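Between the sequences and the hints, there should be enough to build the whole structure, so can you do that?
What follows is the residue order along each chain.
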Amino acid sequence: MTTSTTENTAPVVLEVDGLKTYFETRWGTVKAVDGVSFNLRRGETLGIVGESGSGKSVTMLSLMRLIPEPPGRIVDGQILLEGQDLVQMNDKEMSEIRGSQIALIIQDPMTSLNPVFSIGNQVGEAIKIHQDIPKRTVVQQVLNVLRKVNIPAAETRVRDYPHQMSGGMRQRVVGAIGISCEPIVLIADEPTTSLDVTIQAQYLKLLKELQEASNIGLIFITHDFGIVAKMCDRVAVMYAGRIVEMGDVRDIFNHPSHPYTEALLASVPKLEEDVDRLYSIEGQPPTLHDLPTGCPFAPRCQYVMDKCLETYPLQFDVTDSHYAACWRLE
Amino acid sequence: MAADATLVVQQPAVPARIARKLWQFRRWPLIPMFFLVLFVFTGIFAPLIAPHDPERGGLRDRNLPPAWEEGGSSEFLLGTDHLGRDMLSRVIFGARISLAVAGVTLGVGMVIGVASGLIAGWYGGWLDEFLMRIVDIKLAIPTILLALVLVLALGQSFLIIVAILAIAVWPRFARNVRGEVLQLKTMDFVALAKVAGASTPRILFIHIFPGVINTLIVLATLEVGIVILLESTLSFLGAGVPPPTPAWGSMVSDGRDRLAVAWWISTMPGLAIMLVVLSMNLFGDWLRDRLDPRLRQLN
Amino acid sequence: MTTLEANPVTQTTNEVLLEADGLKKHFPVTKGLLVSKVTGWIKAVDGVSFQVRAGETLGIVGESGCGKSTTAKMLLMLEEPTEGTIRYQGQEIRDANSEQRRAYRSSVQAVFQDPWSSLNPRMRVRDLIAEPMVINLNLSRREMQDRVAKLLNDVGLSSYHANLYPHEFSGGQRQRLAIARALSVEPRVIVLDEPVSALDVSIRAQIMNLLMDLQNEYNVSYLLIAHHLATVRYMCDWVAVMYLGQIVEYGPTKELFDNASHPYTRALMNAALPSHPDIEQEEMILTGEVPSPLNPPEGCRFHPRCPFVMERCSRDIPEVTELAPGHIVSCHLY
Amino acid sequence: MQRYLLRRILLAMVTLLAVSLIIFVMSRAAGDPRHVYLDDYSTQEDWDRLTATLGLDKPYYQQYGIFLGSALRGDFGQSIKEGRPSMEVIVERIPATLQLGLAAFAFSVIVGVPLGILSAVKRGSFLDMAGKVVALVGQSAPVFWLGLMLVFLFAVRWNDWFGDSLVPPYGRQEISSIILPAVTLGWFYAAANLRLLRSAMLNVLDSEYVKLARAKGVSNNIVIWKHSLRNALIPVLTFAGITLGSLVTGSLVVETVFAWPGLGQLAIQALAGNDYPLLQAVVIVFTLMYVAAALSVDIMYAYIDPRIRYS
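Residue numbers (my numbering), protein chains in the order written: chain A, 1 to 330; chain B, 1 to 299; chain C, 1 to 334; chain D, 1 to 311.
PhoX-like cross-link-like pairs, simulated, lysine-lysine; straight-line CA separation at most 25 Å: (1) K148(A) <-> K211(D); (2) K211(D) <-> K128(A); (3) K307(A) <-> K31(A); (4) K122(D) <-> K92(A); (5) K185(B) <-> K31(C); (6) K211(D) <-> K226(D); (7) K194(B) <-> K24(C); (8) K20(A) <-> K211(D); (9) K185(B) <-> K24(C); (10) K135(A) <-> K148(A); (11) K270(A) <-> K254(C); (12) K92(A) <-> K211(D); (13) K92(A) <-> K226(D); (14) K211(D) <-> K31(A); (15) K135(A) <-> K226(D).
Simulated from the structure, these hints should not be mistaken for lab results.
Since the model is a prediction, treat every value here as computed from it, not as a measurement.
See below:
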């Protein structure tokens with residue numbers, strides 16, 4: 001396996017270290033994100049994979065500093081965007097960074113655009129906030145951005161309202177908002193889950209082109225390993241608020257080292273070949289307010305050992321750029 | 001199993017158990033519930049509770065202030081009105097009128113509203129269109145005005161008042177029930193019931209109606225307040241249940257020109273109305289949050 | 001290497017249970033303030049024919065709006081077909097008397113996509129599962145209880161779950177309950193409308209495997225509606241690909257996936273996400289979006305988006321061609 | 001948009017028709033309408049003349065036609081008490097009622113809207129609590145009683161304590177006379193606005209598009225005042241459309257309490273004096289005002305919500 005060798009020399013633009021985001025709820029403290037660390041280089045695509053409740057969306061919100069407070073709070077850790085720690089910033093400083101340096105594409109195209117403002121207005125807003133330029137130039141920029149995301153007849157569509165567009169078009173507009181100020185880091189939170197297969201393919205291709213054109217660091221939040229296979233350079237697999245395995249995409253697909261990753265990969269039907277019987281992971285994903293001590297995956301793990309039930313596993317390196325948190329690697 | 005056993009062993013001491021039981025009620029609207037129970041109780045047992053005849057007074061006892069004011073008498077706790085009638089007894093009997101009107105109105109309005117809402121929502125089409133246009137029109141006509149016309153033309157009686165108010169309440173029930181049915185109709189479990197071969201009555205009564213009950217309960221509690229307010233407004237304007245029956249609204253009206261001399265004549269019955277409606281609203285809000293948070297939008 | 005093994009001819013020996021022939025569903029589009037006037041028709045399903053064979057699974061794939069769910073609804077008698085026939089064991093259900101309709105009702109059951117909306121939240125699991133039996137069968141209380149307990153066990157739950165309410169279950173467990181309910185009257189066919197797409201990834205395989213196990217145990221046929229090609233490949237014996245209300249390609253699963261012929265099928269397969277980063281996909285991304293079924297394109301409905309479009313495609317409706325035994329396609333390329 | 005407005009206008013017309021029908025039916029249900037105008041000393045000639053004017057010898061639907069025809073010309077017959085055409089009496093009263101209605105509306109907006117927004121934004125704060133009290137009193141206290149209590153407090157008691165009342169309690173002589181009635185009438189409405197706006201704001205602030213706006217770097221103030229408010233106003237307006245009626249209803253009561261010489265007071269006087277011709281005219285005019293107000297709300301609604309403007 002001669003993978004994961006060439007690139008990876010681009011500068012690191014985002015470094016997350018020991019991020020912990022907790023929520024105070026009626027049932028006690030929910031450790032939605034519990035010590036997550038990773039970095040992202042320029043022009044790189046990092047996939048964060050997990051099921052519902054794995055903490056992937058809270059990680060995304062934490063990066064944007066959009067955790068609703070209360071009940072949520074970033075209790076520990078650093079988020080260094082080109083060296084500046086976002087966790088320490090006040091609201092005003094953060095507003096200046098959001099949308100201009102770190103931007104977001106959210107999941108549901110039907111609800112993520114404001115129904116009462118026109119498309120042009122909503123795309124132009126970020127430009128107006130972050131760039132001190134005359135109105136006419138804003139309009140010009142809006143058109144440019146809309147053309148970049150392949151919206152046909154952008155000149156007329158800027159005056160449209162969200163309800164006049166199809167889901168695929170709306171998601172393009174959300175993408176346009178994301179790239180409108182040429183951010184360094186773009187976070188895409190399951191941007192294609194509600195799109196049809198052929199529309200999804202169009203959108204993924206578009207994202208890839210945009211990323212390559214402006215050398216953005218892209219974080220792709222998803223539950224689907226297919227998207228990871230198609231889009232990402234590196235993957236972080238999350239389970240119960242922590243990263244259980246991380247590495248280059250080919251390493252992960254070829255040598256999944258955490259039983260959860262292995263099981264997930266084996267449980268997905270394949271388009272390219274016949275599979276007699278899928279591996280099925282028994283049980284349910286855990287609820288975060290009631291985590292077992294030890295490895296949270298232990299109750300569903302086919303290799304479970306006594307140690308797994310007692311202590312949370314340390315991270316063990318599989319290769320230089322691939323690690324997993326599992327006692328079997330000890 | 002093991003967990004159960006330990007629980008049994010560690011039964012807390014009796015005071016702690018009682019404390020825990022009480023703790024469960026901490027979010028219950030106990031004060032509003034107390035006033036509502038009081039309202040219903042006095043309404044039903046008015047003749048047993050009232051210390052005096054609410055419709056007869058002595059002119060010697062005119063305009064007596066409440067017991068705690070100077071010149072008040074412990075015989076008339078809330079004072080007397082301009083005809084010397086005991087305020088307390090009149091307020092107690094007033095509860096009776098409000099309770100009766102609210103109860104009957106709500107019953108009638110709810111039956112009509114639920115039936116038409118169910119039919120409109122389930123069958124849709126022109127029937128729905130027709131019923132909802134009637135609702136729109138009804139909601140577009142100010143109730144009190146309509147009531148005045150009817151009262152002037154047909155005369156004042158308990159029955160007419162109830163009829164007028166029932167006409168006023170049913171559209172809201174119809175509209176909300178219909179909305180709920182429209183939503184429930186699209187639920188997969190309704191389609192699956194059809195797939196299983198369930199008949200229309202079975203679907204309506206086993207799958208749809210139970211889904212509407214929460215909304216109904218919440219709506220009913222909120223409507224009670226509206227009905228009581230409407231009824232008292234009508235009687236304040238002299239278009240309510242005819243005197244000398246002591247209705248809260250007309251009692252407030254009695255004291256209108258006597259604010260400087262005998263403020264309590266207007267104040268006491270008005271306070272009673274506000275307490276009941278306020279309690280009903282608080283109780284309704286609480287119920288809504290418990291049963292059906294989606295109804296937040298509703299007013 | 002083993003092309004003969006997957007010979008579809010051996011499969012066609014199974015009895016045809018359920019058959020759709022030229023099925024159409026057109027919804028009127030109305031306009032007008034007081035008297036509504038029909039101004040057009042949405043041709044949701046426009047001439048669809050297929051067969052569901054005993055003990056086998058037929059998959060219908062397509063994007064949203066292609067008419068696959070409407071087709072399912074017609075089979076479940078939730079929608080009246082505008083045209084065409086549905087035959088169950090040779091008997092046309094439009095002509096069926098009430099007794100036969102009742103029999104049909106209990107022979108064809110369904111499991112839907114959303115496990116949160118497919119179980120009445122106000123009924124206990126016991127009553128939920130028993131409802132089809134209460135309506136269709138004449139069983140004693142005792143028999144009913146035993147049956148519910150057995151069904152719960154069969155779908156991987158326990159009999160004590162019978163007393164709970166749906167909200168006490170997770171999504172995957174709810175889907176198991178829905179399956180138990182569908183099986184309660186021992187149907188011959190179950191329509192599965194996207195049964196796993198609302199579930200967490202790690203739960204999907206559980207449910208798919210469960211469905212396949214139950215198929216053997218109960219000897220039931222499935223009609224699987226899905227948009228995820230890999231799911232269809234895993235679960236189905238036959239596949240029909242739908243586009244804008246019509247079946248564009250239809251055939252035995254392996255044959256169809258190995259020799260996908262219609263440009264739309266190929267585009268779908270190329271658009272599907274790969275299962276490994278090293279898999280090279282043909283670059284064939286469709287432009288534009290699915291046109292409205294209100295005014296479907298003339299000729300071949302796919303022609304405005306088709307990479308291989310020819311002049312006649314916008315004019316003539318393509319004929320159905322049989323490429324291999326059972327594998328048919330409707331495209332001017334063949 | 002046109003379709004939407006056309007529908008609304010049609011509904012408004014049907015509503016007016018329904019009201020006129022009710023009034024007509026009631027005028028006949030009350031007995032021979034001639035008794036309203038004529039007494040025992042009238043001549044047979046008078047009776048016959050009236051029979052002809054009202055069309056009493058014709059079938060009911062024709063009578064309704066006659067009634068409707070004269071109503072369209074603004075002719076509702078003679079007011080019994082005033083001995084003049086009802087319409088004439090009414091026209092004199094309209095300015096007072098409009099004045100009161102607008103003042104009350106202004107009060108409800110000035111109090112209800114900011115308090116509603118702030119109590120949503122600063123949930124659990126002192127302002128939220130204050131808003132809650134305003135809302136609960138407004139929705140629970142009967143309007144007539146609230147008015148009397150304000151009079152009692154700011155005129156009667158104020159006089160006892162300070163030797164003069166703070167504001168004039170009755171009539172329409174001074175400009176400050178309008179304060180108490182406007183507050184009384186507007187309070188219920190302010191309470192409704194407040195509650196609705198609060199819950200709508202909470203919903204909107206929780207929405208995905210607000211999340212996206214924040215992600216764009218939009219500051220908190222703009223998120224609240226631009227992105228959220230406009231959306232939150234939609235349910236408030238919906239509500240306004242169907243409850244402007246309470247403003248009308250309220251004015252009946254408030255005008256009575258404060259002796260405000262408007263239409264509401266006139267209606268009650270007509271009721272007390274059994275003046276059916278006058279009452280029916282007041283009711284029609286009130287309904288007309290109400291329907292017009294609701295229609296303008298609908299138009300505003302379309303302006304705020306593009307989903308209606310472009311459909």
